[in-house]
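*Asks:* Chain by chain, the residues run as shown.
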Amino acid sequence: MQGDGDDILVTEGLGKSFGDFAAVSDVSLRVKRGSIHALIGPNGAGKTTCFNMLTKFIAPSAGRIVYNGRDITSLAPADVARLGLVRSFQISAVFPHLTALENVRVALQRKRGDNFDFWRSKRVLHRFDARARELLEEVGLTPFADAQASDISYGRKRALEIATTLALDPEMMLLDEPMAGMGHEDIDRIVALIRRVSVNRTVLMVEHNLNVVQNLSDRITVLTRGRVLAEGDYATVSENSEVKTAYLGDVHD
Amino acid sequence: MSALASAAPARASHDARDFALAGVLMIAAIVAAPFFVYPFFVMQMLCVALFACAFNLLIGYVGLLSFGHAMFFGMASYVSAHAAKEWGLDPEFAILCGVGVAAAMGLVSGALAIRSKGIYFAMITVALSQMVYFFCVQAPFTHGEDGIQSVPQGRVFGLVSLADSATLYVFVALVFLIGFFVVYRTINSPFGEILKAIRENEPRATSLGYRVMRYKLMAFVLSAALAGLAGATKALVVQNASLSDVGFQMSGEVVLMTLLGGMGTLYGPVVGAVVVVAMQNYLAQYGQWVTVMQGAVFVACVLLFRRGIVGEIAKWARLAL
Ligand SMILES: Nc1ncnc2c1ncn2[C@@H]1O[C@H](COP(=O)(O)OP(=O)(O)OP(=O)(O)O)[C@@H](O)[C@H]1O
Ligand SMILES: [Mg+2]
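Chains as they are written, first to last, in our numbering: chain A, 234 to 486; chain B, 11 to 331.
If you are wondering where the hints come from, they were derived from the structure by calculation, not from laboratory data. Careful: at least some of the hints might be erroneous.
Keeping only pairs whose Cα atoms sit at most 30 Å apart, straight-line, the calculated DSSO-like set for lysine-lysine is [what the hints assert, rightly or not]:
| no. | chain 1 | residue 1 | chain 2 | residue 2 |
| --- | --- | --- | --- | --- |
| 1 | B | Lys325 | A | Lys344 |
| 2 | B | Lys325 | A | Lys355 |
| 3 | B | Lys127 | A | Lys355 |
| 4 | A | Lys355 | A | Lys344 |
| 5 | B | Lys325 | B | Lys127 |
| 6 | A | Lys344 | A | Lys477 |
From the structure, some residues in chain B lie toward chain A, with a derived Cβ separation under 10 Å [what the hints assert, rightly or not]:
| no. | residue |
| --- | --- |
| 7 | Ile204 |
| 8 | Leu205 |
| 9 | Asn211 |
| 10 | Arg214 |
| 11 | Leu218 |
| 12 | Val222 |
| 13 | Ala327 |
Chain B is faced by these chain A residues, among others (derived, beta-carbon under 7 Å) [said to hold, decoys possible]:
| no. | residue |
| --- | --- |
| 14 | Pro329 |
| 15 | Val339 |
| 16 | Gly346 |
| 17 | Phe349 |
Each residue gets a CB set at the ideal place from its N, CA and C atoms; glycine is no exception.
For reference, chain A alone in the conformation it holds in the complex (with noise of 0.2 Å):
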C-alpha cells in the first residue's frame, strides 16, 4: 500500500490496545493531500489516541503509516514533526512562561536547525520577531505578543497553539479540537483562519462542533470504538444511520 500521489497520509490496519481495552482498531484512512479531512465521534472514541499515534507519541500496537510516500511507523515523534506532519494537542499546550511572541518564536527558531549554540546571545533571535508578529496577527492575537502565555484567556491560548503550529509552516496539520473553549467570534476567526492557511497544506481535524465541521471539511471520517464507523463527505455521513445512533446515543449518555 503505497500512497498514489494524491493521498497524503495512509494507514492501514492501524490499532492500539491499553491493555486489555482496544482503543484503536483496524483503522485505515486515506486522507487526500490539500484536503480538509476531519474525524469525528463521541468522547472516547479513540480521535486522539489516532493522532498520537499518527505523530508517534504512542507507538502502535499494530497497522502502518505512511507519509508521503514513506513508512513513518518506527519514527521517533521529533522526526515526524521534521518531515512536516506538525500536531496540536487537545488540551492547551503553550510555553505557559515564555511570552506570546516567544511561544511562536519557538518553533520559528527550528528554521535555524539544532539550536545548540549556547555561547551565542539570544538577540540573534530578533530577526524572527516580525515574522512571529505576523502570525500572531493572523490568529488575532496582535494586543498580547507580550503577555505571558499563562495570562491570557483559554480561548486565546488555543489560538497561540495555531499560530505556534503554523511557524513550521507544516505540509500537514493534525488539530485536535482546536477551537474547544473558544467563543463564537474567535471561532469564526479561526474557520476562516484554517480554510486559508490550507489553501496550500493538508489539515486533518478532530472538533465536536458539527457546523465547523460541516462548514470546513472536504472529508469525514467518524470513529467509534475505536472503529471506522462511516467515512464521506458531509452529506452522505450525515443521513448514514448507524451514525445518528451513535450520536444520538452518546447525546443521552
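Starting from the structure of chain A, add chain B with the ligands where the hints point.
*Replies:* Just chain B with the ligands, lined up with the frame of chain A:
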C-alpha cells in the same frame, strides 16, 4: 475586539538591566570581600558557588534534579590535583584536564540518566555517583582516605605564580566570573530558549520537531563541565583533593544551597552557597550540631520562602535576578 480594553499585563523587559545591576553588586562584593573576610575562605565560597550555579543550570532551567553532582565536582578536583602534582602541569591546564574529565563523565552518565524523569532520574544519578565514589576510594591515584595532599599551585601560563594569595584570589575570582557568565549566556542563548520550552512543555517542544533528549544531554554535559571547573579550581585553592568532595554529602549540600538561594534564579545559587558555607564555618564550633542547624534552616526556608532567598526578593522587588 473587546479584549483590547483589558490588555494583558506586559512582562517586564528589564531582564538584562536587572542582571547587569546585580552583576555589578556581585563583582563589588567579590572585590571588597577579602578586606573583611579571610580570602582563603572567600575563594572556597566562590568555588562552591560556581558548583551551585552549574547544578542550578539543570534543576532550574531544565527541571532535572541531579542528586549526584558531586561526582563531577569531586572527580575534577582529583584530576586537576593529580595533573598539577604528578604531571607538573600549569594550573590552567590542570583545571582544563579536570573540566574535560567532568564533561566526559557528564556525557556518559547523562546518556544513561536522561531518559528517566523525576525521582527515577535522581536515583540514577545517585547510583552513578556512588559508583564514582567507590572508584575514588579504591583507585590508587586518589590515595584513598588520605587524598591528594600538597598540590602545587604553580604558575599560570608558566608566568604568574599562584602561591601569592592576592594573585590566587584574582585568578579564582576570574574563573568564577567566567563560569558564571557561561551559565548566564547559556540561559540567554538560542539553546537556552529551547531548554526553557522543554522545561515548560516537553511534549509540545517535541511536537515542534525538537529532539528533546539531545538538548537535555547537552545541558547535562555543560552542567557537569562547569561543576568540574569549580572542583578543579577548588583543588588548587585548598591544595588538596579528598573524598569529601566526591561524596554524597556534597551532592546533598549543592541541592540545599540552590533551593535555599532560589532555583531557577541566576544569583540564587551564589547567595545560597554563601549562606551555607558561612553557616558551616561560623557554626563549626558546635560540632555535630551544624548538620542539625543546617537542616532546621533548610526546613524553615522551604516553609517560609518557597522561591528561595533570591526568588522571594526578585518577586517582591519585581526584578529579574
Ligand atoms: N494512556 C491510556 N491508557 C489507557 N487508556 C487510554 C489511554 N489513552 C486513552 N485511553 C482510552 O482510550 C479511549 C480512547 O481515548 P481517546 O482519548 O483517544 O478518545 P477521544 O476520541 O479523543 O475522546 P474525546 O472526544 O473525549 O477527546 C478512551 O476510552 C480512553 O479512556
Ligand atoms: Mg480526544
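*Asks:* Among all the numbered hints in the text so far, which are the ones the structure does not match?
*Replies:* Checked against the structure, the hints that fail are numbers 1, 6, 13, 16, while the rest are satisfied.
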